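S.K.: What follows is the residue order along each chain.
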Amino acid sequence: EAGVAQSPRYKIIEKRQSVAFWCNPISGHATLYWYQQILGQGPKLLIQFQNNGVVDDSQLPKDRFSAERLKGVDSTLKIQPAKLEDSAVYLCASSLAISYEQYFGPGTRLTVT
Amino acid sequence: KNEVEQSPQNLTAQEGEFITINCSYSVGISALHWLQQHPGGGIVSLFMLSSGKKKHGRLIATINIQEKHSSLHITASHPRDSAVYICAVTRYGGSQGNLIFGKGTKLSVKP
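Chains E and W supply the protein sequences, listed in that same order. The first sequence lines up with residues -16 to 96 when you count with my numbering. The second sequence lines up with residues 8 to 118 when you count with my numbering.
Hints were generated in silico from the structure; no laboratory data involved. Every value quoted in this text rests on a predicted model; they were computed, and no experiment measured them. A hint or two may mislead.
Said to hold, decoys possible - Below 20 Å or equal to it, Euclidean Cα-Cα: the simulated DMTMM-like pairs (lysine to aspartate or glutamate) are:
| no. | chain 1 | residue 1 | chain 2 | residue 2 |
| --- | --- | --- | --- | --- |
| 1 | W | K60 | E | E84 |
| 2 | E | K(-6) | E | D69 |
| 3 | E | K27 | E | E51 |
| 4 | E | K(-2) | E | E68 |
| 5 | E | K54 | E | E68 |
| 6 | E | K27 | E | E84 |
| 7 | E | K61 | E | E(-3) |
| 8 | W | K110 | E | E68 |
| 9 | E | K54 | E | D39 |
| 10 | E | K61 | E | D40 |
| 11 | E | K27 | W | D88 |
| 12 | W | K110 | W | E10 |
| 13 | W | K61 | E | E84 |
| 14 | W | K62 | E | E84 |
| 15 | E | K27 | W | E10 |
| 16 | W | K75 | W | E12 |
| 17 | W | K117 | W | E12 |
| 18 | W | K62 | W | D88 |
| 19 | E | K54 | E | D69 |
| 20 | W | K110 | E | D69 |
| 21 | W | K62 | W | E24 |
This is chain E alone, in the form it adopts within the complex (with noise of 0.2 Å):
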């Protein structure tokens, strides 16, 4: 079974450029996570979708950051524009259903400059 895929895997962007994710779930994962990881701490999450609708957004700073999951199936996140602070590792990840085990994609290493 191939797991969560994502890409691109390492991404280096000035300040106030823009940039985007994209992300695979498990073949049949109706649930979709994004979060960020910033060094040095647990993941937060960001966006969760159930199919192609937003389950839970309450932590994602909507002012520059967009996410999406238009067909239910692959996810995009998008940041526009980024600051400095936005340098963290942004892992994806997938469940069967809301409440099942997570399975969890190798992530997106961006790195604002």
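Model the placement of chain W on the given structure of chain E, informed by the hints.
M.R.: Chain W only, in chain E's frame:
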């Protein structure tokens, strides 16, 4: 105060030692998770438990619901066990099922 606290933050052990990592939480939970994160790698789920004890190979996870405490034990530790171990909980009654994470325990096992 964080809702999920782990100790210690950093742990160095010699190969073969018995290791314990602790996790305390302050919210009602429906499940507790132990996760492993290797440098530069993604996160792997080790255990998901809501009561008692689970064992997988050299790894053992226990939880005491009354005391809101869980431990992860590694027997006969090996350098390949070096990683960050993260405790996370699913809040009881939460419809979303999302996880609240601790900050992680960085384990280094020396040969």
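S.K.: Decide, hint by hint, whether the structure agrees.
M.R.: We went through each hint and held it up to the structure:
no., hint, verdict
1, K60/W <-> E84/E, "holds, 17 Å"
2, K(-6)/E <-> D69/E, "holds, 12 Å"
3, K27/E <-> E51/E, "holds, 18 Å"
4, K(-2)/E <-> E68/E, "holds, 9 Å"
5, K54/E <-> E68/E, "violated, 31 Å"
6, K27/E <-> E84/E, "holds, 17 Å"
7, K61/E <-> E(-3)/E, "holds, 15 Å"
8, K110/W <-> E68/E, "holds, 18 Å"
9, K54/E <-> D39/E, "holds, 18 Å"
10, K61/E <-> D40/E, "holds, 14 Å"
11, K27/E <-> D88/W, "violated, 24 Å"
12, K110/W <-> E10/W, "holds, 11 Å"
13, K61/W <-> E84/E, "holds, 15 Å"
14, K62/W <-> E84/E, "holds, 17 Å"
15, K27/E <-> E10/W, "holds, 12 Å"
16, K75/W <-> E12/W, "holds, 11 Å"
17, K117/W <-> E12/W, "violated, 25 Å"
18, K62/W <-> D88/W, "holds, 16 Å"
19, K54/E <-> D69/E, "violated, 27 Å"
20, K110/W <-> D69/E, "holds, 18 Å"
21, K62/W <-> E24/W, "holds, 18 Å"
Of the hints listed earlier, those the structure fails to meet are numbers 5, 11, 17 and 19, in rising order.
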